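Colleague: Could you put the whole structure together from the sequences, leaning on the hints where they help?
Going by the working numbering, the letters in the sequence shown line up with residues 1 to 83, in that order.
Mixed in with the good hints, there may be bad ones.
The following label-pair restraints were derived from C-beta to C-beta distances [said to hold, decoys possible]:
hint: 1; residue 1: D18; residue 2: E81; range: 23 to 31 Å
hint: 2; residue 1: R27; residue 2: G63; range: 19 to 27 Å
hint: 3; residue 1: E62; residue 2: F32; range: 17 to 25 Å
hint: 4; residue 1: I34; residue 2: Y13; range: 13 to 21 Å
hint: 5; residue 1: R78; residue 2: K9; range: 34 to 42 Å
hint: 6; residue 1: K80; residue 2: R27; range: 23 to 31 Å
hint: 7; residue 1: E29; residue 2: T49; range: 18 to 26 Å
hint: 8; residue 1: K64; residue 2: F28; range: 20 to 28 Å
hint: 9; residue 1: S47; residue 2: V24; range: 26 to 34 Å
hint: 10; residue 1: Q14; residue 2: R77; range: 22 to 30 Å
With a straight-line Cα cutoff of 16 Å, these simulated EDC-like cross-link-like pairs (lysine to aspartate or glutamate) come out [unchecked claim]:
hint: 11; residue 1: K79; residue 2: E52
hint: 12; residue 1: K64; residue 2: E52
hint: 13; residue 1: K80; residue 2: E51
hint: 14; residue 1: K80; residue 2: E52
hint: 15; residue 1: K61; residue 2: E31
hint: 16; residue 1: K61; residue 2: E33
hint: 17; residue 1: K79; residue 2: E33
Calculated directly from the structure, the hints in this document are not laboratory data.
Note that the structure is a prediction, hence the values are computed from the model and not measured.
Quick reminder that beta carbons are idealized off the backbone N, C-alpha and C, glycines included.
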Amino acid sequence: MQYQELLQKRDAYQKGRDSIPESVLARFEREFEIQYIHESNALEGNSLTLEETRAVLRAAKEGKDIAFCAELLESMRRKKEEK
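Modeller: Below is the structure:
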């Protein structure tokens, strides 16, 4: 994506932001954060999929520990292999 195109998208978002309900904005921003975390981790060599990243972040938000997250990932990967 070209820089000017990105600036145009930013400006359109900021203009229309006032007409978007707060709950929708919060979902957009949370999804952006999840994708940003996933892409940043992928650049560092992490092999988690976006779905797995989302599941780990959800578990962490609920106060689950690392062992639970590891079991969650293992079960998700097992399900994929069964398909």
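Colleague: With reference to the structure, classify each hint as holding or not holding.
Modeller: The hints, checked one at a time:
{"no.": "1", "hint": "D18 <-> E81: 23 to 31 Å", "verdict": "47 Å, violated"}
{"no.": "2", "hint": "R27 <-> G63: 19 to 27 Å", "verdict": "21 Å, holds"}
{"no.": "3", "hint": "E62 <-> F32: 17 to 25 Å", "verdict": "21 Å, holds"}
{"no.": "4", "hint": "I34 <-> Y13: 13 to 21 Å", "verdict": "18 Å, holds"}
{"no.": "5", "hint": "R78 <-> K9: 34 to 42 Å", "verdict": "39 Å, holds"}
{"no.": "6", "hint": "K80 <-> R27: 23 to 31 Å", "verdict": "26 Å, holds"}
{"no.": "7", "hint": "E29 <-> T49: 18 to 26 Å", "verdict": "21 Å, holds"}
{"no.": "8", "hint": "K64 <-> F28: 20 to 28 Å", "verdict": "25 Å, holds"}
{"no.": "9", "hint": "S47 <-> V24: 26 to 34 Å", "verdict": "32 Å, holds"}
{"no.": "10", "hint": "Q14 <-> R77: 22 to 30 Å", "verdict": "40 Å, violated"}
{"no.": "11", "hint": "K79 <-> E52", "verdict": "12 Å, holds"}
{"no.": "12", "hint": "K64 <-> E52", "verdict": "15 Å, holds"}
{"no.": "13", "hint": "K80 <-> E51", "verdict": "12 Å, holds"}
{"no.": "14", "hint": "K80 <-> E52", "verdict": "11 Å, holds"}
{"no.": "15", "hint": "K61 <-> E31", "verdict": "14 Å, holds"}
{"no.": "16", "hint": "K61 <-> E33", "verdict": "13 Å, holds"}
{"no.": "17", "hint": "K79 <-> E33", "verdict": "26 Å, violated"}
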